[in-house]
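Protein sequence lines correspond, in order, to chains A and B.
Be aware that the first sequence starts at 0, since it is given in numbering that gives the first Met the number 0, and climbs by one per residue.
Be aware that the second sequence starts at 0, since it is given in numbering that gives the first Met the number 0, and climbs by one per residue.
Warning: the hint list may mix true and false statements.
Calculated pairs, DSSO-like style, for lysine-lysine (alpha carbon to alpha carbon, straight line, at most 30 Å) [what the hints assert, rightly or not]:
1) A:480 / B:73
2) B:104 / A:38
3) A:472 / A:420
4) A:105 / B:34
5) A:407 / A:472
6) B:38 / A:97
7) B:34 / A:97
8) A:480 / B:34
9) B:91 / A:472
10) B:104 / A:407
11) A:105 / A:46
12) A:472 / A:431
13) B:38 / B:73
14) A:480 / A:420
15) A:46 / A:226
16) B:104 / A:97
Hints in this document: simulated from the structure, not taken from any laboratory.
All figures in this text were calculated on a predicted structure; none of them were measured in a lab.
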Amino acid sequence: MKRTLVAGTLSLLLPAIGLAGEYNLTVDRVTIDTGEFVKEGVGYNGKSPGPTLRFKEGEEVSINVTNNLDEMTSIHWHGLILPFEQDGVPGISFPGIKPGETFTYKFPITQSGTYWFHSHSGFQEPEGAFGSIIIEPEGREPFRYDREYVVQLTDKHPHASERVMRNLKITPDYYNRKQQTVGEFFSDASENGFLNTVKERLAWGDMRMMQADVEDLQGFTGMINGKGPEQNWTGLFEPGERVRLRFINSSAMTYFDIRIPGLEMTVVQADGNNVQPVNVDEFRIGVAETYDVIVRPKDEQAYTIFAESMGRSGYARATLAPEEGMEAPVPGLREPARLTMADMGGMPGMDHGDMPGMDHGDMGDHGDMVGENEMADMSDMDHSRMEGMDHSSMTMPEGGASDPFYAKGSGLVPTAANGGKFLSYADLKAQKPLYEEREPAREIELRLTGNMERYTWSINGVKYEDAEPIRLKYGERVRFKFVNETMMTHPMHLHGMWSILDVGAGQWNPIKHTVSVQPGTTVYMETEVDAPGQWAFHCHLTYHMAAGMFRKVIVEGGPESTQAASSEQLSEVGGDV
Amino acid sequence: MKLWIPVIASAVVSLSVTPVLASAQERMPDTTQRKQPLKVWGAQFEELEYRYSDDDEEAGVWDADFFYGTDNFKARWLTSGEYSFEERAYEKLENQLVGQIPISKFFDAKAGVRFDTPEGPDRTYAVLGVAGLAPQWLEIDVNLYVSKDGDTSADLDAEYELLLTNYWILTATFDATVAFSEDREIGVGKGLVSTESGLRLSYDLIDRAFSPYVGVVHERKYGDTADYARAGVGSTEDWFAVIGARLSF
Numbered sequence: 000m001k002r003t004l005v006a007g008t009l010s011l012l013l014p015a016i017g018l019a020g021e022y023n024l025t026v027d028r029v030t031i032d033t034g035e036f037v038k039e040g041v042g043y044n045g046k047s048p049g050p051t052l053r054f055k056e057g058e059e060v061s062i063n064v065t066n067n068l069d070e071m072t073s074i075h076w077h078g079l080i081l082p083f084e085q086d087g088v089p090g091i092s093f094p095g096i097k098p099g100e101t102f103t104y105k106f107p108i109t110q111s112g113t114y115w116f117h118s119h120s121g122f123q124e125p126e127g128a129f130g131s132i133i134i135e136p137e138g139r140e141p142f143r144y145d146r147e148y149v150v151q152l153t154d155k156h157p158h159a160s161e162r163v164m165r166n167l168k169i170t171p172d173y174y175n176r177k178q179q180t181v182g183e184f185f186s187d188a189s190e191n192g193f194l195n196t197v198k199e200r201l202a203w204g205d206m207r208m209m210q211a212d213v214e215d216l217q218g219f220t221g222m223i224n225g226k227g228p229e230q231n232w233t234g235l236f237e238p239g240e241r242v243r244l245r246f247i248n249s250s251a252m253t254y255f256d257i258r259i260p261g262l263e264m265t266v267v268q269a270d271g272n273n274v275q276p277v278n279v280d281e282f283r284i285g286v287a288e289t290y291d292v293i294v295r296p297k298d299e300q301a302y303t304i305f306a307e308s309m310g311r312s313g314y315a316r317a318t319l320a321p322e323e324g325m326e327a328p329v330p331g332l333r334e335p336a337r338l339t340m341a342d343m344g345g346m347p348g349m350d351h352g353d354m355p356g357m358d359h360g361d362m363g364d365h366g367d368m369v370g371e372n373e374m375a376d377m378s379d380m381d382h383s384r385m386e387g388m389d390h391s392s393m394t395m396p397e398g399g400a401s402d403p404f405y406a407k408g409s410g411l412v413p414t415a416a417n418g419g420k421f422l423s424y425a426d427l428k429a430q431k432p433l434y435e436e437r438e439p440a441r442e443i444e445l446r447l448t449g450n451m452e453r454y455t456w457s458i459n460g461v462k463y464e465d466a467e468p469i470r471l472k473y474g475e476r477v478r479f480k481f482v483n484e485t486m487m488t489h490p491m492h493l494h495g496m497w498s499i500l501d502v503g504a505g506q507w508n509p510i511k512h513t514v515s516v517q518p519g520t521t522v523y524m525e526t527e528v529d530a531p532g533q534w535a536f537h538c539h540l541t542y543h544m545a546a547g548m549f550r551k552v553i554v555e556g557g558p559e560s561t562q563a564a565s566s567e568q569l570s571e572v573g574g575d576v
Numbered sequence: 000m001k002l003w004i005p006v007i008a009s010a011v012v013s014l015s016v017t018p019v020l021a022s023a024q025e026r027m028p029d030t031t032q033r034k035q036p037l038k039v040w041g042a043q044f045e046e047l048e049y050r051y052s053d054d055d056e057e058a059g060v061w062d063a064d065f066f067y068g069t070d071n072f073k074a075r076w077l078t079s080g081e082y083s084f085e086e087r088a089y090e091k092l093e094n095q096l097v098g099q100i101p102i103s104k105f106f107d108a109k110a111g112v113r114f115d116t117p118e119g120p121d122r123t124y125a126v127l128g129v130a131g132l133a134p135q136w137l138e139i140d141v142n143l144y145v146s147k148d149g150d151t152s153a154d155l156d157a158e159y160e161l162l163l164t165n166y167w168i169l170t171a172t173f174d175a176t177v178a179f180s181e182d183r184e185i186g187v188g189k190g191l192v193s194t195e196s197g198l199r200l201s202y203d204l205i206d207r208a209f210s211p212y213v214g215v216v217h218e219r220k221y222g223d224t225a226d227y228a229r230a231g232v233g234s235t236e237d238w239f240a241v242i243g244a245r246l247s248f
């Protein structure tokens, strides 16, 4: 309450002291050239990606958005804490922006860091409608750097998004060209034995699950700041300088593993919030996440920024160099990732009938997985109970690699290409907690569910079209429990309020806006419900969101003034995308 | 005692205010497309091919599927046929209009009508079927047919795709038809009527939209059906070399 009052007073005072900025954005049809193909898309101010908006903490911004498209549009300020009417989700925050119309967003900037903005209408975002946001803090930053670059990634696909959605609905493996083949059968057989390989294939075949089901959408060209690998976006530096790279993953569907061979990266910020610095050789950036890293190239040479997709089907590439035109070697793609039985840990209905290959001998020690009853009801099977399973006979391409945010023995656990340190969520500790640590009032379980064969995606088995909103109470702290029952990774994004990811660090738990939940895992996050209104909460993979992995969150109650304002809002409801 | 007064007062206030607030909480209903069921259409030719038999007979064959609908209900038009170039006639011409709903994680149920309008007598059937993905990646399609005259029959289609590479695909198909009553007019005897087995090697040339293939197909008639065929001029067993393409729009 006190905080709101202070914020309220501040917002009244701020315009008076002149910290107000006006910005203009036009939403336009643009042409996107990846170097491999040219495609029509949507951009801002005539380009995709759109401009970098530079705000100052404490500023009162007005952003005039003019829709030059012949369809509705919207802009969502991803990660920004603002009044819900300004959040830019048609049907939830506001009706949307009609063709030819100019809508003015007005909100106070109450935070700092790296963020981004994108359309929340139809498939405009994967068509190119996104840009970056840098917010300078009021105070000093706890790290130094001499120059900075936004490094905004995307996975540009030659097919129009509507067509991608349709193809995935008709043939879910339409774009998967990393499937297991006869050749792989024989190479696995010579490595793991013929019978083991047959058993393994039968076990997966029996579940009608694919070990290769890592990336739904392959065939894209990875781009950095609007440049394909051949067009090679280049950031200049003077040897010895500290360079801050603000990585933003604006992909529709692709997780990237990022490294700069020859340079160690110091991660200083995640999702706009400073973290205690961690030195890493490589990190994985989920869809919609941001990571700020500082590198210090000492030599007069070029360095490649290499962003390899999680499923190893594509990459983005850029260069850091002392002068334009210099290049460093571009690494090859590593072997495609394969899921293991461990990644199925969260699957319900994992009963005997469904999984004959998963028992008996070839799986080794069953440990505490005892009894038919337990096998019959695995819908509540958690991680710890899976730990008794020995997966040694199943393929574990990454060897002994482990990460508490992946299922034990998962085939998705990343390792650094140079054998060094790979960032884990467990390494993220907040630099400064935003909230006092307190017990959550309640826990809300969200099972991430879906059916790959039908390409349906849902939460608790219910698609958005059939779902009731999630209701939170203003002022409470809630604990969300994500249980991933699918075989895919889901970047879950709650609008309007922070997601405090439980990494076991108590008050130092990192503060994020997007939380990746790996297959076969349970992840907890807590949220201080301090933003009245209604908000979107969804998987940020474009085609999962469109297929139903989405919820409306209603925050009930709140300060008097907001109540009044939002009742007024009632009169101007309706609208369409 | 004094302490209670504000508590009661606030309780009364919150009670009286609650309904107002509750409606205020709704704010705006989501009427965007996102809140609507996703509508999908598809048009696919599983087979579109030229056949050349061991008796030097030539035929054009197709097996196609057009649909529109949501996860919960799809309307489907299934069409298949065989055109004989010698006789300039449709040896087989089948059209089905069915509605399709999911009944389990991997299977759908279908119901509708089937019209057979080849050269010769026509037939109309009611169709009830189940289609989906069986364990070990077997695509299964089983249908029960009841004709206007009460003749019943069933067929089973099974398909398996073997990935030689991620682009070269070997597809094995097996279709069998069984009749539970005889329909002599169209040459169908009681019991196992016919089988068709195929092996096709395809290459995904343009995405999965255009995949040319070559293959072999074996057709055989059984029992009374074979006898009726022999009595006419038809053959009871044929081998075909086929060339064609799988299409998906």
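Taking the hints in turn, this is what the structure says about them:
Taking the CA atoms of residue 480 of chain A and residue 73 of chain B, the gap is about 35 Å. The hint is violated against a cut of 30 Å. Restraint check for residue 104 of chain B and residue 38 of chain A: not satisfied, since their Cα atoms lie roughly 37 Å apart, outside the 30 Å limit. The hinted pair formed by residue 472 of chain A and residue 420 of chain A fails the criterion: a straight-line CA distance of about 41 Å is larger than 30 Å. For the proposed pair residue 105 of chain A and residue 34 of chain B, the alpha carbon gap of about 27 Å is at most 30 Å, so the pair holds.
Restraint check for residue 407 of chain A and residue 472 of chain A: not satisfied, since their Cα atoms lie roughly 36 Å apart, outside the 30 Å limit. Taking the CA atoms of residue 38 of chain B and residue 97 of chain A, the gap is near 23 Å; set against the 30 Å cutoff, the hint holds. The suggested pairing of residue 34 of chain B with residue 97 of chain A holds, with an alpha-carbon distance near 19 Å, which does not exceed 30 Å. Proposed proximity of residue 480 of chain A and residue 34 of chain B is supported: the alpha carbons are some 24 Å apart, at most 30 Å.
A hinted pair counts as satisfied when its Cα atoms are at most 30 Å apart, and residue 91 of chain B with residue 472 of chain A does not qualify at roughly 65 Å. For the hint linking residue 104 of chain B to residue 407 of chain A, the alpha-carbon distance of about 27 Å falls within 30 Å, and the restraint holds. For a cut-off of 30 Å, the pair hint linking residue 105 of chain A to residue 46 of chain A stands: about 23 Å separates their Cα positions. A distance of roughly 26 Å separates the Cα atoms of residue 472 of chain A and residue 431 of chain A; the hinted pair therefore holds under the 30 Å criterion.
For the suggested pair residue 38 of chain B and residue 73 of chain B, the alpha carbons sit about 9 Å apart, so the restraint of at most 30 Å is met. Pair hint residue 480 of chain A plus residue 420 of chain A holds up; C-alpha atoms about 28 Å apart against a cutoff of 30 Å. Our distance criterion of 30 Å between C-alpha atoms is met by residue 46 of chain A and residue 226 of chain A, whose separation comes to about 12 Å. Distance restraint check for residue 104 of chain B and residue 97 of chain A: the Cα-Cα separation of roughly 40 Å exceeds the 30 Å cut-off, and the hinted pair is therefore not satisfied.
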